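Colleague: The two chains are supplied separately, each in an independent frame; assemble them into the complex guided by the hints.
Those protein sequence lines, which keep their order, are chains A and B. At position 46 of the first sequence the residue is numbered 46 (the numbering used here), and the sequence of numbers has no breaks. At position 23 of the second sequence the residue is numbered 23 (the numbering used here), and the sequence of numbers has no breaks.
Derived by calculation from the structure, the hints in this document are not laboratory data. Treat the numbers as computed from the prediction; the structure is a model and nothing was measured. Backbone N, C-alpha and C fix where the C-beta goes; we use that ideal spot for every residue, glycine too. Hints may contain errors.
[What the hints assert, rightly or not] For the chain A half of the interface with chain B, some residues (derived, Cβ under 8 Å), not all of them:
1. Gly54
2. Leu56
3. Asp57
4. Lys76
5. Arg77
6. Ala80
7. Arg83
8. Leu84
9. Asn95
10. Val99
11. Val109
12. Glu111
[To be verified] For each label pair, taking beta carbons as the anchor points, the in silico distance ranges come out as:
13. A:Ala122 - B:Glu402: 32 to 42 Å
14. B:Ile264 - A:Ala78: 51 to 61 Å
15. B:Asp266 - A:Gly114: 43 to 53 Å
16. B:Leu293 - A:Ala122: 29 to 39 Å
17. A:Ser2 - B:Glu402: 23 to 33 Å
18. B:Ile264 - A:Gly114: 49 to 59 Å
19. B:Leu293 - A:Ala78: 26 to 36 Å
20. B:Leu377 - A:Gly114: 27 to 37 Å
21. A:Ala172 - B:Val296: 24 to 34 Å
[Said to hold, decoys possible] Quick look at which bits of chain A chain B covers, simulated, 3 or more residues with Cβ under 8 Å:
22. 85-94
23. 100-108
Chain residues, written in single-letter form:
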Amino acid sequence: MSLYRIENLAKRYRSGEVETLALRGVDLTIEEGEFTAVAGPSGSGKSTLLHLMGALDAPSAGEVYLNGTRIDKLGKRAAARMRLENLGFVFQAYNLIPVLTALENAAFVLELRGVGRREREARARQALDDLDMAGYADRRPNQLSGGQQQRVAVARALAAEPKIILADEPTANLDSETGHALIELMRHLNREHGVTFVFSTHDPRLLDSVDRIVRLEDGRVAGEETRVSA
Amino acid sequence: MPVAVIFLAWRNLWRQRRRSLTSLGAVAFVVCLSLLYYSIGGAAVNSMYRNLTEGAGQIQLHVADYREVRDVSAGLLRNAAAITEEVRAQAAGASVVGVLDVPGLLIHGERSRAVAVSGRDWPAPLSAAYLRTNPIEGSFVRAGDPTGIVLGRGLARALGAGIGDEVVLYAPGSEGFGAGSFTVIGLVDVLDPVAAARTALLSLAAAQAVAADDAVSRIEVHYPEIRRMQDDVASTETATRLRAALPALSVETWRELSPTLVRILDSLRPVMAIVSVIFFVLAGLLVVNSIYLGMVERIHEFGVLMSLGASGRRVMGLITLESVLLCGAGAALGLAIGLPLVGLMGRGFTIPGLEQYYASFNMDPVFYASIHPSEVLFAVLFALGTGVLAALWPASIASRLEPVEAMRFTA
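The following block holds chain B by itself, in its conformation from the complex (with noise of 0.2 Å):
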């Protein structure tokens, strides 16, 4: 493309100024709008990514065909700090954490419930997170802590402890000591009432006294530091090499653990470049209205320009041209102003009002907005779309004029 027609359909697009920066405004508008609704389609699917992987994990090992496993000592894995180092060595700068899961019977004085006993340290990001969502009276679990026990507040009120008390652990069927003598250090909120009724949080080394000697129910890989869904490439590179490194074990990463969400995560990004369709579908009709007008008050000199040897193909390259580069400055000018916006909005934000709803469901109220490069293509790419899809229709006509019939108009 010469640049000379390109100077010649900026200058056109000038020649009504008024009209032509509305219809790029309104390219810049959407480009924009687009681009905000797809760093906030991130942030939610990025809210969701967290909440799922710091509880979680974004890889867990357990043993093969665990889901099949009916008994609870089958489903252990043995050899813990052995398998769990080799995790280590495999996973570079993840938090690997084993977890040792035994159903249990807590007793209190007189009283006695039935109990999920978690047994797990919790590097510092981990408790943070959980802390963050779980409010916690009194101290967390430490690493090694032999005696203390953190409950759920529902099962302390059910077992009229407070913190200071001591309770006893019976873990029936388990090969460890089977029974163990703790002390309440904390009590937590969880939301869920039913889980609160039966959550008793232990250290990992606790655990494996009551229950199982150096054997844990999974192994978790934490990159807590990864807070975008999209720069998660650490999972499916570590899972592959857990997977040599251990073909006997289960290696599943977030992805394979949670099919459904993974489902709804991956089907949010079409559902959004629909909508944002719609959004330039909108723009276009501007556009048209702007190339439409320019075309017919121009109808004169396009008859001109055939008379002088321009064919009707030229007359419409230049028409598109001209509607090409009006969405494209109206893309860069919604770029100039969304980029810097999502950039501001990656730092984390809030949703007034959103806030205590998120935080009853005891979930991160703060947002992390992100774009993917590709979404950003896909901004530019459809604002040049409508571009040339807003040109087709004036284009077409004046590529069909009759020089002779064109230059007697008069606009």
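The following block holds chain A by itself, in its conformation from the complex (with noise of 0.2 Å):
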């Protein structure tokens, strides 16, 4: 079964007179343990597809299946709880909660969940150390630089050990190098510790590492493109 299966999938937007179909009608599947770019330029709808699959937002037509269970149609706590206890989220604007240390907020998920204290600490510090940011843990998000605040959100988004882990744009805010190794390191999350990987990209330097390009055209799955992994 399918990590992910998404069947005909439509997301209509309007503002005023204005009605604008930001996906129409995507198919999709997303196995456990890959390592998934969605490629394409903006406004082709990446990130509507990734907040669908997070359950951020309703589609308008479709459905979307995590696990076999359909996640499209759930109310707002059940879709809370869903996204708490399978989804991890990376954002483009990293995210993080300027008042919690880089530790903490790679805790916070696990407080959210429930997890004690010294587990919640062990588990982030573990991610941190993955994300080699271990000497920045007591350190707040503006004594960070972004290529650090993204890995300390990749590493709250790690600690919690979720499904899968949607990233949207994770690399747009960041220069090519900090980017191109972010990326390198999410796929060694990937190799090292089976953890499925879905991120969005416009930028087709970063695709040389992925499984699987999902490439996106004015709302449409324009084509899919398997790798070999080395």
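Modeller: And the structure:
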């Protein structure tokens, strides 16, 4: 069974008289352990697709299944619970909580899950260590560079050991070298820990190390490319 | 509530330090103000309590159904010495005073006046309290003095008597000698002109010799060291013991003797609580403003929290916790400032401008602030309640945010 199964997914936005079709019938499956990039230009529907996969928004049509369970019709509380238990998110703008240290940020999802302090900190430290951020555990986001903040964001997602990490343009605010390093790190985590990653990008230079590329154009899947891992 | 969440809420408050401190200060001010308000209200209550009990005692014993008795003799407690000893045995630590009130005629030379003779002995604390509000010229009644009499200045003026003059007291219908000769030893200033024209004070022995041997009109039980109404637990306990020991007598506490005043005193606390709630509503508006602005500024962040898996209820709880922490800290600060002030005022204070006014009514112008622990608890609970209520609206808005919309929001 596929980790994700997406069928005929559509999303329509309306602003006054203007209607925008962000997604127009997307079919997609994601297998466990994959390292998948959703690529496409700005406005192609990448972020919308990831939001719908994370049950952060409701589709206008179509269905989204996670581990065989339909998640596009969940109520707000059930959706929050599903995200907490299954998903990790990494955002373009890092979105760390500014008043928390790197360690506390990395432990935050575990805190939401009700994991005890000792275990929470141990797992968050391990996640920071995996991302070479152990030395920055006590720093607050405003004391970290953009690349370091994004690593903490990945650590936050990773520490909770989710089934899948959805990363929406995680490198968009980083310089190319830092962005490339981050993708390599994510790839390493994918290989070492078996974490499934789906990330969106409009930068073709970041696609070298992925297993699979899903190209979106104008809200449709314009093509898919599967690569054999090195 | 996990400690980490409390830390998060606390740190969130300090993101807008000035705004949070303003709200915290407002809550602290209101808590402090409430404590002072309660304690000054308590001082007024204590002042009324003291003025009432210093004169009449905390407990009085009479013959049964004494209010229905019209004949003076029928209203007298016989075997007064034995009863007084029994009362003393039941009311350890109290000043027990027998009082014999007799209507009579006081004669000086060619002049005479109807008087209300009060025969009693005055333990030191009671005479000090009486003389504080009724200044005396000359000397006061001494226990056992068979011939000394103290007159109200108005009565002395009417009789044309002064200190050292001889006066004759005639008590018709009495069971004692029915008359006696006395020397004026002091003149007291009694504010009420009617009372001043009728006041004649004797020792209990002298009054009994004239009017009724070994009898008193009433026995008063005084606890002069009790200055605050809230400290008066002795009255009820002693009255219970006295009722058991002397079942044939009427035993009444000051509450039963002055039911109207008690109703006034008892109604003060609810009135003060209502005014206090108004203070907290005003402070609550500042807290609402602070929490609401903080919520609007962090809508994006709440979107992130929700996308990470925080439920609306969790977000609501976080905002409510911030508000409660803010008000709780304000309450702590208010207590830290207010309680020492109340303690200081509890040693006694006067209100400039009111001293002469009180003195004109022969009332003690010194107030003793007091606050009941339940009022401190009320102030803290009001503050925390304000925190919860102030958070309801912003927390409700935040809890209904859509994660994606919220993450697009920029304040």
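Colleague: Are the hints correct? Go through all of them and say.
Modeller: Against the structure, the hints:
no. : hint                            : result
1   : Gly54                           : holds (7 Å)
2   : Leu56                           : holds (5 Å)
3   : Asp57                           : holds (5 Å)
4   : Lys76                           : holds (6 Å)
5   : Arg77                           : holds (5 Å)
6   : Ala80                           : holds (4 Å)
7   : Arg83                           : holds (4 Å)
8   : Leu84                           : holds (3 Å)
9   : Asn95                           : holds (4 Å)
10  : Val99                           : holds (4 Å)
11  : Val109                          : holds (5 Å)
12  : Glu111                          : holds (5 Å)
13  : A:Ala122 - B:Glu402: 32 to 42 Å : holds (34 Å)
14  : B:Ile264 - A:Ala78: 51 to 61 Å  : holds (59 Å)
15  : B:Asp266 - A:Gly114: 43 to 53 Å : holds (49 Å)
16  : B:Leu293 - A:Ala122: 29 to 39 Å : holds (38 Å)
17  : A:Ser2 - B:Glu402: 23 to 33 Å   : holds (28 Å)
18  : B:Ile264 - A:Gly114: 49 to 59 Å : holds (55 Å)
19  : B:Leu293 - A:Ala78: 26 to 36 Å  : holds (31 Å)
20  : B:Leu377 - A:Gly114: 27 to 37 Å : holds (32 Å)
21  : A:Ala172 - B:Val296: 24 to 34 Å : holds (26 Å)
22  : 85-94                           : holds (count 4)
23  : 100-108                         : holds (count 4)
Violated hints for the displayed structure: none, as all numbered hints are satisfied.
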